[in-house]
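Student: In the order they appear, the protein sequences are chains E and F. Read in the numbering used here, the first sequence has 341 at position 341, and its numbers run on one by one without any break. Read in the numbering used here, the second sequence has 89 at position 89, and its numbers run on one by one without any break.
Some clues are possibly wrong.
Just so you know, same-sequence chains aren't split out, so a pair can sit in one copy or run between any two.
Derived pair list, reagent style SDA-like, types lysine to any residue, alpha-carbon separation capped at 25 angstroms [what the hints assert, rightly or not]:
id	residue 1	residue 2
1	K127	P328
2	K249	T298
3	K395	D197
4	K245	Q11
5	K402	G426
6	K395	A250
7	K127	A373
8	K437	L279
9	K437	E53
10	K397	D197
11	K299	S366
12	K429	Y302
13	K127	L424
14	K249	T178
15	K88	R128
16	K88	Q11
Simulated from the structure, these hints should not be mistaken for laboratory data. All of these numbers come straight from a predicted model, not from anything done at the bench.
Number of protein chains: 2
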Amino acid sequence: MEQTKFILNEQEMPTSWYNVQADLPEPLPPLRHPVTKEPTILPPPLFPASLNEQEHSKERYIEIPEEVQNIYRMWRPTILHRAHRLEKALDTPAKIFYKYEGTSPAGSHKLNTAVAQAYYGKQAGAKRLATETGAGQWGSALSMGCAFMGLECKVYMVKVSYYQKPYRRVLMETFGATVVPSPSTETEIGRRILAEDPESTGSLGIAISEAVEDAAGRDDTFYSLGSVLNHVLMHQTIIGQEAKKQMEKADAYPDIIVGCIGGGSNFAGMFLPFVPDKLKGQKVQIVCVEPEACPTVTKGPYAWDYGDVAGMAPIARMYTLGHAFVPPPVHAGGLRYHGMAPIVCHLVKLGLIEARAEHQVAVFKSAVDFARAEGIIPAPEPAHAIKVVIDEALKCKESGEKKTILLALSGHGHFDLAAYDEYLSGNLKDYEFPKEKMEAALAQLPEVPA
Amino acid sequence: MEQTKFILNEQEMPTSWYNVQADLPEPLPPLRHPVTKEPTILPPPLFPASLNEQEHSKERYIEIPEEVQNIYRMWRPTILHRAHRLEKALDTPAKIFYKYEGTSPAGSHKLNTAVAQAYYGKQAGAKRLATETGAGQWGSALSMGCAFMGLECKVYMVKVSYYQKPYRRVLMETFGATVVPSPSTETEIGRRILAEDPESTGSLGIAISEAVEDAAGRDDTFYSLGSVLNHVLMHQTIIGQEAKKQMEKADAYPDIIVGCIGGGSNFAGMFLPFVPDKLKGQKVQIVCVEPEACPTVTKGPYAWDYGDVAGMAPIARMYTLGHAFVPPPVHAGGLRYHGMAPIVCHLVKLGLIEARAEHQVAVFKSAVDFARAEGIIPAPEPAHAIKVVIDEALKCKESGEKKTILLALSGHGHFDLAAYDEYLSGNLKDYEFPKEKMEAALAQLPEVPA
């Protein structure tokens, strides 16, 4: 009998998050204030002090509060699977492992940070959190995090996804959240964008601006971000820490780690705990995958840019397509962001990780191949990573190499079946990268003094 | 730290199914031939001989083929959860455990028998399986089972569900199945029913007739049933066997076992392995729950009736509302069947288990309460069982009793969110049991000689 699943019991669940800032060869460039352009922390009215502390901490391990651990144990540790059936279907000598976060109540990794953020928000006296969501994964997660902690939750959902994925809205409402399509008429920035373009399908950048405006205007509300920020990536490191222990149980170590990037949190949660090994000389290739239609790291410059469309959020040093860039409506809503986590960008710049871009039709083909072999319908976002995993496994078939590949499978696609329907019926199309739109957006980058 | 999940590793997975026919105090009444009314086996052209053998076997344990075990290990053993958060929300001294089958690729317990049936079908030389599906759980499972075994799959899906749950269809198609709404124009019985009532929303009984007609007309096709039959219930006993081991790890034994019944397979899969204990004097209450709109066991007579609408399937001794009974379109499509598994009926008749009926609005309220506490959105079918679990836990609150309750949570409701939307927006309604329709249907019961 070949072992298929590598499990940890509750007692083996990591009890700290790993903070890569303790180990970076060069420190991260600090955030800049959106108005003064001076180095800054996260805006204190928007975030609890505890999360600001985590954002800038150099401590290697930060303990997970017991209440958060108890909620994690509802679904964690998650399973590490060996993809025996996919390997066989591809006829590859490669060993493929995948760490699947889709068994979380929210159906993705996002709940790892949602629970933590709801906890710290509540500790700091909040009654309510406001946030944005793309494909709906993050909004679902925060709705649950808030429900578990007894907080209210307001979600600004990117309009294209709001209508493409009605069941995501119902899911959030089932957990008591209030959901509106973004751009909405409930904020100044939303009204301004609708006035300029009543047909706007929205973007993560716009929705962020709306949620930030909401939280800034109320004393009882913190803003909550599902990706990008250092503390969010850190909350996800429980994934990679578990995966390391599980790979040990499988008597294996990855030659390649692959994950998709939208804001970067699932990918980072997986690979960050492997960074200390790599810095010590361990050979491990770390690959992130983004959509060709929104190719932030592969096509954007490494520059200073606002995290949001309105220029209310801090300025970060990152790969960016420009905060004014509105990506084509690919189905992977969670990957439609103009920027990228500063930590991911910094490590790309340092040469520790590499990036690739893929078109969605090929991505969905890989997703269906994966589903028929492994039984799991992946969300369109991690399907981008699956495309690269399959490419790498087929390269091994050519070369005869027996590489060990570790895939970060961030969540299921149960609410993305309209996209699968489009693919299966032959109606799905690729979008070329609108380079001229990026160039126009890059002309609006903020100028930041050295 | 209170333990939340009780897990088994792959090595601890049971390697045999449990066959309750070895332990029945009185044997099951044999099936009768639909035409001759004489005792009969399952129609040989429809079923492989191996499954017919299982259907009538008196062996206590039947080994699970290695190929089936290997596929089971993609998701089994499933987790036994302790519902700490629900207990707290209800403020009950009861201990609530639930065995969750929603982490299977198909999202429900149905895959346990789908994989086995595809295996035995292939062994017997089939190229193709035909089946019916209600809410889509069974069709999804058989599509996957066939995909894993390299067989084609044809699914007749009850029309009301086909349109209420389009994503279930896409899920099946993703796994390569062909899906048509039933009644369809592809079979004689489908055409006859459409001629009588072009607006027919279908029923499980009708869809069964279509699939049976399909398989009977082709040499390369077996018929596959997702519930009701003895061998199907037996394939599900892996659930209860795992649960027993897990309850031992939790140092607990159930005072009450609760499951929903449509055809009876999830419920039976859970409770059957506890029957030998009960026969030896162990005190354990076993409760099945059905919809008030289709109350087979609580309101129907124990009689001889056809398994399908057309009278082509064998006649079984069971509780029935009459094979011509078309139930109201409640959202729990999987519970809209006129009959019930003969094994379940036999054990009700012997006084070993009891039945209750619930209305859907109250059921959805319980489902939302459960979801907000435990993070899992249950399918409408097991939500019926959740209603009774919550009632029992609240009774314990009244009485101070510390009962241990074990819930069979058959699957998730990710494809049932339209129903949740209806409930949350206040538009969901209850359907009274159409007693006069049952009376008309009972007038058409077959006459069977003693």
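Student: Against this structure, judge whether each hint is valid.
Tutor: Hint check results:
1. K127 x P328: neither (36 angstroms within a copy, 43 angstroms between copies)
2. K249 x T298: neither (35 angstroms within a copy, 51 angstroms between copies)
3. K395 x D197: neither (46 angstroms within a copy, 57 angstroms between copies)
4. K245 x Q11: For K245 and Q11, the Cα distance is within 25 angstroms both inside one copy (13 angstroms) and across copies (19 angstroms).
5. K402 x G426: Neither way: K402 and G426 sit 35 angstroms apart in one copy and 57 angstroms across, limit 25 angstroms.
6. K395 x A250: Classified as within; 23 angstroms inside a copy, 47 angstroms across copies.
7. K127 x A373: between (45 angstroms within a copy, 19 angstroms between copies)
8. K437 x L279: neither (38 angstroms within a copy, 74 angstroms between copies)
9. K437 x E53: Neither. Shortest intra-copy (37 angstroms) and inter-copy (67 angstroms) distances fail the 25 angstroms Cα cut-off.
10. K397 x D197: neither (50 angstroms within a copy, 57 angstroms between copies)
11. K299 x S366: within (23 angstroms within a copy, 50 angstroms between copies)
12. K429 x Y302: neither (29 angstroms within a copy, 56 angstroms between copies)
13. K127 x L424: between (44 angstroms within a copy, 23 angstroms between copies)
14. K249 x T178: Intra 43 angstroms, inter 41 angstroms, cutoff 25 angstroms: neither.
15. K88 x R128: between (49 angstroms within a copy, 22 angstroms between copies)
16. K88 x Q11: Cα proximity of K88 and Q11: across copies only (22 angstroms, versus 34 angstroms in one copy).
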